[in-house]
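Enquirer: If you read the protein sequences in the order shown, they are chains A and B. Here the first sequence stands for residues 467 to 558, numbered as in the numbering used here. Here the second sequence stands for residues -4 to 124, numbered as in the numbering used here.
Mixed in with the good hints there might be a few duds.
Stated by the list, open to error - Simulated DEER-style distance windows between Cβ atoms:
{"id": "1", "chain 1": "A", "residue 1": "Ser472", "chain 2": "B", "residue 2": "Pro103", "range": "48 to 54 Å"}
{"id": "2", "chain 1": "B", "residue 1": "Pro80", "chain 2": "A", "residue 2": "Phe476", "range": "30 to 36 Å"}
{"id": "3", "chain 1": "B", "residue 1": "Pro80", "chain 2": "A", "residue 2": "Ile557", "range": "20 to 26 Å"}
{"id": "4", "chain 1": "B", "residue 1": "Ile77", "chain 2": "A", "residue 2": "Gly532", "range": "16 to 22 Å"}
{"id": "5", "chain 1": "B", "residue 1": "Thr43", "chain 2": "A", "residue 2": "Leu520", "range": "19 to 25 Å"}
{"id": "6", "chain 1": "B", "residue 1": "Gly98", "chain 2": "A", "residue 2": "Val491", "range": "25 to 31 Å"}
Unchecked claim - Here are some chain B residues pointing at chain A (derived, C-beta under 7 Å):
{"id": "7", "residue": "Gly15"}
{"id": "8", "residue": "Val18"}
{"id": "9", "residue": "Ala22"}
{"id": "10", "residue": "Phe25"}
{"id": "11", "residue": "His36"}
{"id": "12", "residue": "Pro37"}
{"id": "13", "residue": "Pro38"}
{"id": "14", "residue": "Ala41"}
{"id": "15", "residue": "Ile54"}
{"id": "16", "residue": "Tyr56"}
{"id": "17", "residue": "Val89"}
{"id": "18", "residue": "Phe92"}
Stated by the list, open to error - Here chain B is said to cover these stretches of chain A; the calculated rule only asks that three of the stretch's residues, wherever they fall, bring their Cβ under 8 Å from a Cβ of chain B:
{"id": "19", "region": "467 to 477"}
{"id": "20", "region": "482 to 488"}
{"id": "21", "region": "507 to 520"}
{"id": "22", "region": "528 to 534"}
{"id": "23", "region": "537 to 547"}
Keep in mind that the hints were calculated from the coordinates and are not lab data. Because the structure is a prediction, the values reported are computed rather than measured. Glycine residues also receive a C-beta, built at the ideal position from the N, C-alpha and C atoms.
As a plain string of letters, each chain reads:
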Amino acid sequence: MSPLLSFAIFFALGCYAVASVLVMVRLMSGPRAQDRVFALDLLYVHGMLVMLVLGIYHASDRYFEGALLIALFSFVSSSAMAKFILRGEVIE
Amino acid sequence: MTPLPGWAEAVVAVLLMLSGLFVVISALGFLRLPDFFLRMHPPALAYTFGSWSVCLASIVYFSMLEQRLVLHQWLIVIILSITVPVTTVLLARVALFRRRNAGVPDTPTPLSAGNGAGNGAGTKPLSDA
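Generate coordinates for the entire structure from the input sequences, incorporating the hints supplied.
Expert: Have a look at this one:
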């Protein structure tokens, strides 16, 4: 792996870390519940991107399935929490 | 396993750095904007440009590494483009619903204000919202 590619990978991972810290500040201090749910959804996407970049770093296909599962679980959990705030229960 | 040519590594590196920058910009906007409805906009950068760049970089990298066309990372882009609008619209409905129940003055009224059925948000206010 060339120095350019490894620098880019660590730059991207550092950017994701900084962005996750910023989103986590909003998750802790969100004024309403919908801010926290949206911050959690964004954190799921950051985790998915970290998995994809680690897949490039280790040159392995295995990380792709993890990223796909994280994307699906992000949709399920965020829509369930939004439904819970909207109606008071998930399955009516 | 053959080493990658220089131009492919440059393309992958540029796409990865672009994605990192877009994700940081979206997180900054998400942290700094004052209202929830304004705050819903910047994460779209992470959902579209951030994930598209990483998926394109992954496609280029694995295609050059295995010397064949590897496209399954595109599934993530397709899944995100289907699920993210659903979540976003649901959360926007949640915010509008809670804002109506809180009685904030300049809130748009529901379209089907007369009949109880139809537009679910705002017609039957919950007591604990």
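Enquirer: For each hint, tell me whether it holds in the structure or not.
Expert: Hints and how they fare:
1. Ser472/A / Pro103/B: 48 to 54 Å: About 51 Å separates the Cβ atoms of Ser472/A and Pro103/B, which means 48 to 54 Å holds.
2. Pro80/B / Phe476/A: 30 to 36 Å: holds (32 Å)
3. Pro80/B / Ile557/A: 20 to 26 Å: At roughly 22 Å between Cβ atoms, Ile557/A and Pro80/B fall inside 20 to 26 Å, so the hint holds.
4. Ile77/B / Gly532/A: 16 to 22 Å: Once the Cβ atoms are compared, 19 Å apart, the range 16 to 22 Å for Gly532/A and Ile77/B holds.
5. Thr43/B / Leu520/A: 19 to 25 Å: With a Cβ separation near 21 Å, Thr43/B and Leu520/A satisfy 19 to 25 Å, so the hint holds.
6. Gly98/B / Val491/A: 25 to 31 Å: holds (29 Å)
7. Gly15: holds (3 Å)
8. Val18: Holds, because the Cβ-Cβ distance from Val18/B to chain A comes to roughly 5 Å (cut-off 7 Å).
9. Ala22: Constraint on Ala22/B satisfied, holds at 4 Å.
10. Phe25: Check passed: Cβ of Phe25/B comes within 6 Å of chain A, closer than 7 Å.
11. His36: Because about 11 Å separates His36/B from the closest Cβ in chain A, which is outside the 7 Å limit, the hint is violated.
12. Pro37: violated (9 Å)
13. Pro38: Nearest chain A Cβ about 5 Å off; hint holds.
14. Ala41: This interface hint holds because 6 Å falls under the 7 Å limit.
15. Ile54: Cβ of Ile54/B sits 10 Å from chain A, so the hint is violated.
16. Tyr56: holds (5 Å)
17. Val89: holds (5 Å)
18. Phe92: Nearest chain A Cβ about 6 Å off; hint holds.
19. 467 to 477: holds (count 7)
20. 482 to 488: holds (count 5)
21. 507 to 520: This one holds; 8 residues, not fewer than the three required, reach chain B with a Cβ under 8 Å.
22. 528 to 534: holds (count 3)
23. 537 to 547: holds (count 6)
Figure legend: structure checked against the earlier numbered hints; hints not met, in rising order: 11, 12, 15.
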